[in-house]
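A.B. asks: Using the sequences and the hints, build the whole thing.
For the record, the sequence lines run as chains A and B. To get our numbering, take the position in the first sequence, counting from 1, and add 2. To get our numbering, take the position in the second sequence, counting from 1, and add 181.
Fair warning: there could be bad hints in the mix.
As the list claims (entries may be wrong) - In the EDC-like style, the derived pairs of lysine to aspartate or glutamate whose C-alpha atoms are separated by at most 16 Å in a straight line are:
1) A/LYS92 / B/ASP243
2) A/LYS92 / A/ASP102
3) A/LYS65 / B/ASP243
In case anyone wonders, no lab produced these hints; they're calculated from the structure.
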Amino acid sequence: MQLMGAIITLLGSIFLFLGALGVLRMPDVYNRIQAGTKATTLGTMLFLIGITIGHPEVVPILKIIILILFIIFTNPLSSHALARAAHYIKAPVADKTVRDDLSEDEEARDKRSRGE
Amino acid sequence: MAEIIYSISTIIALIAMVLAFVRFLIGPQIFDRVVALDALTIISLSLIVCIACLRGRTIYIDIALVYGLISFVGIVAIARYLERGI
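C.D. replies: As structure tokens, then:
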């Protein structure tokens, strides 16, 4: 049982490492938000679950469940707020970007409001 | 055996913190720094829970909860400030 918890913890730490590597290596802000939020959310969940399985007599399980639910709810919210703000002040995108739907929608909305 | 694997995963998480901190230092824009700060907070939250379990001090888990709450409020406040100003 403890070995299984340790292996799940190792998997979670590998996901944390990949998320941090994506934050370091990705070319622009939006890709960094993508890598740095999703991979670290999954990695943290696996890390906490592995520690809870490995030490069931030490850890209060209810608090760990509350912590995991809290991370699941708040981490996408903060990354969405960051991406929205970055697009609002027109952060530069990478050279390989092919389409930007949000700016097209905003241009169409501006055109419609000017036409009326 | 299990303790060795726990130690290895802690070391991997520490290397991840170093990588995110490099991006925090060299980030050309403020958004890169904020994203790196978010990743750093999440990784250090995991490490706080790891220390709490391996040392047997369960009071540290409450610290991890409050740390996650303050991090979320701080990141959203920074995003609002960068979007519209206070």
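A.B. asks: Decide, hint by hint, whether the structure agrees.
C.D. replies: Hints and how they fare:
For the suggested pair A/LYS92 and B/ASP243, the alpha carbons sit about 38 Å apart, so the restraint of at most 16 Å is broken. Distance hint between A/LYS92 and A/ASP102 is fulfilled; the C-alpha atoms sit about 12 Å from each other, no more than 16 Å. Taken as a hint, the A/LYS65 and B/ASP243 pair is honoured in the structure, with Cα atoms around 8 Å apart against an allowance of 16 Å.
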